[in-house]
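Work out the full structure: start from the sequences and follow the hints.
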Amino acid sequence: MAVAGLAQPIPATVAVNYFGMVASLENLRPLLARSSAPRAVGVASMASIMPTDDALVDAMLTWDEPAALRRAEELAADEATSALIYASTKAAFCRWLRRHAATDRWAGASIPLNAVAPGVIRTPMTASLTSTAEARQQLLHQVPMPLNGIAEAIAVAYPLAWLASEENTHLCGQTVFVDGGSDVVLRGDTTW
-9 MAVAGLAQPI
1 PATVAVNYFG
11 MVASLENLRP
21 LLARSSAPRA
31 VGVASMASIM
41 PTDDALVDAM
51 LTWDEPAALR
61 RAEELAADEA
71 TSALIYASTK
81 AAFCRWLRRH
91 AATDRWAGAS
101 IPLNAVAPGV
111 IRTPMTASLT
121 STAEARQQLL
131 HQVPMPLNGI
141 AEAIAVAYPL
151 AWLASEENTH
161 LCGQTVFVDG
171 GSDVVLRGDT
181 TW
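Residue numbers (our numbering): -9 to 182.
Some hints here could point you the wrong way.
[To be verified] Label-pair ranges, simulated between beta-carbon atoms:
#, residue 1, residue 2, range
1, Arg85, His131, 24 to 30 Å
2, Gln(-2), Gln128, 16 to 22 Å
3, Ala2, Gln127, 37 to 43 Å
4, Ala45, Ile144, 33 to 39 Å
5, Ser100, Asn138, 48 to 54 Å
6, Pro20, Thr180, 18 to 24 Å
7, Trp152, Glu64, 27 to 33 Å
8, Arg85, Ser121, 31 to 37 Å
9, Pro136, Ala67, 33 to 39 Å
If you're looking for bench data, these hints aren't it; they were derived computationally from the structure.
Built from N, CA and C at the ideal position, the CB exists for glycine as well.
Written as structure tokens, this is what we have:
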């Protein structure tokens, strides 16, 4: 499993959320290939469907970490664009996953590669965003979660555990949104 969730609008978010996640999965792949029931799962975010910066996403997907970090510095310098950093890392990760999951290195080696995309989860990282009723209301306006609102971590743990289990024999290259309906509200049927 690869789990990274820096949400600060800084270049380190790019290094951890994308390059760290992908490197972890790629470096684990040879070990997984020797397992009798290998599974690989990453944690993305529903933020992957939010606005992103094309130049940053492209730099990540072409594995140009210096260019990605430079672009993140540029974005971080402007409050109007700094929020694009986190969403860009998660979107790039989801795109990397789709591009690689069905290849010989992953599916061809019988290693399912998938991800979960949580909505707002009650964790220390989100504590300042969920500490008051007003803050929660403002956050849920940006990230609508009509099914049960802000979630506890266990809501993501169950599907994550299933994706990593031997029961998962055929799910390949999927990002499973565990977001209380954010994806549905924000994108509707535009993906179909």
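To see whether the hints hold, each was checked on the structure:
no.: 1; hint: Arg85 <-> His131: 24 to 30 Å; verdict: holds (27 Å)
no.: 2; hint: Gln(-2) <-> Gln128: 16 to 22 Å; verdict: holds (19 Å)
no.: 3; hint: Ala2 <-> Gln127: 37 to 43 Å; verdict: violated (30 Å)
no.: 4; hint: Ala45 <-> Ile144: 33 to 39 Å; verdict: holds (37 Å)
no.: 5; hint: Ser100 <-> Asn138: 48 to 54 Å; verdict: violated (35 Å)
no.: 6; hint: Pro20 <-> Thr180: 18 to 24 Å; verdict: violated (38 Å)
no.: 7; hint: Trp152 <-> Glu64: 27 to 33 Å; verdict: violated (40 Å)
no.: 8; hint: Arg85 <-> Ser121: 31 to 37 Å; verdict: holds (33 Å)
no.: 9; hint: Pro136 <-> Ala67: 33 to 39 Å; verdict: holds (36 Å)
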